[in-house]
Amino acid sequence: NAGVTQTPKFRVLKTGQSMTLLCAQDMNHEYMYWYRQDPGMGLRLIHYSVGEGTTAKGEVPDGYNVSRLKKQNFLLGLESAAPSQTSVYFCASSPGTAHGYTFGSGTRLTVV
Amino acid sequence: GQSLEQPSEVTAVEGAIVQINCTYQTSGFYGLSWYQQHDGGAPTFLSYNALDGLEETGRFSSFLSRSDSYGYLLLQELQMKDSASYFCAVIRSDSSYKLIFGSGTRLLVRP
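Residue numbers (the working numbering), protein chains in the order written: chain E, 50 to 161; chain R, 57 to 167.
Don't take every hint at face value.
What the hints assert, rightly or not - Label pairs and their in silico Cβ distance ranges:
id, chain 1, residue 1, chain 2, residue 2, range
1, E, V61, R, S125, 37 to 43 Å
2, R, G114, E, M68, 25 to 31 Å
3, R, T82, E, G112, 21 to 27 Å
4, R, P167, E, G112, 42 to 48 Å
5, E, S154, R, T82, 27 to 33 Å
6, E, S129, R, G114, 44 to 50 Å
7, E, G126, R, D150, 24 to 30 Å
8, E, L71, R, I73, 41 to 47 Å
No wet-lab data here; the hints were simulated from the structure. Ideal Cβ positions, reconstructed from N, Cα and C, are used throughout, including at glycine.
Pulled out of the complex, with its shape left as it was, chain E reads as follows (with noise of 0.2 Å):
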């Protein structure tokens, strides 16, 4: 089982350009949830969602879009690149219970 992938998995961008990182899962999940990471921290909600066609926004959702058209896909947007948004970025999805999250194995994104 594939489980979580996440495309790409290095990315360098210069800053005001715009990206779309891909999360895909395989596991018919609910939910699914874009994280943030920066280094010596730990994971920081950007946006989720509960279902298909339904988004929310997390802890730092500011520069960030998200859109999840089909259950097993949720994309995450940058419109205009920030070196603030340089970090490593993890998608995870659960089936809504209160255990159970798999991540994606990141994608590290480098904004010059």
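Following the hints, complete the assembly by docking chain R onto the known chain E.
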């Protein structure tokens, strides 16, 4: 607001026992989870406490006391491969099942 506090770093010797504490200031959560993350890797689930008390999973145990807003992860018979970062996280009991993470504890296991 909500916050989870953990020690930033812990060092222990191979074969020993180590306890990583987590204190929190939050309400409205299902339980406390623990995740392990090796350098360059993704977080992986270790343990979950829905109720007060001790949960044991092999060499790892986790404890929760809601009245004390406190939990810990206990690692026994430490191995070199246990060197990693460990995060406590609460699961919000609204409809989102959001995981809110602590800042993590870096465990270094020495020979």
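Hint check:
1. V61/E <-> S125/R: 37 to 43 Å: Since the Cβ atoms of V61/E and S125/R sit about 42 Å apart, the hinted range of 37 to 43 Å holds.
2. G114/R <-> M68/E: 25 to 31 Å: violated (41 Å)
3. T82/R <-> G112/E: 21 to 27 Å: holds (25 Å)
4. P167/R <-> G112/E: 42 to 48 Å: holds (44 Å)
5. S154/E <-> T82/R: 27 to 33 Å: Holds: the Cβ-Cβ distance is about 29 Å, inside 27 to 33 Å.
6. S129/E <-> G114/R: 44 to 50 Å: holds (47 Å)
7. G126/E <-> D150/R: 24 to 30 Å: holds (25 Å)
8. L71/E <-> I73/R: 41 to 47 Å: holds (42 Å)
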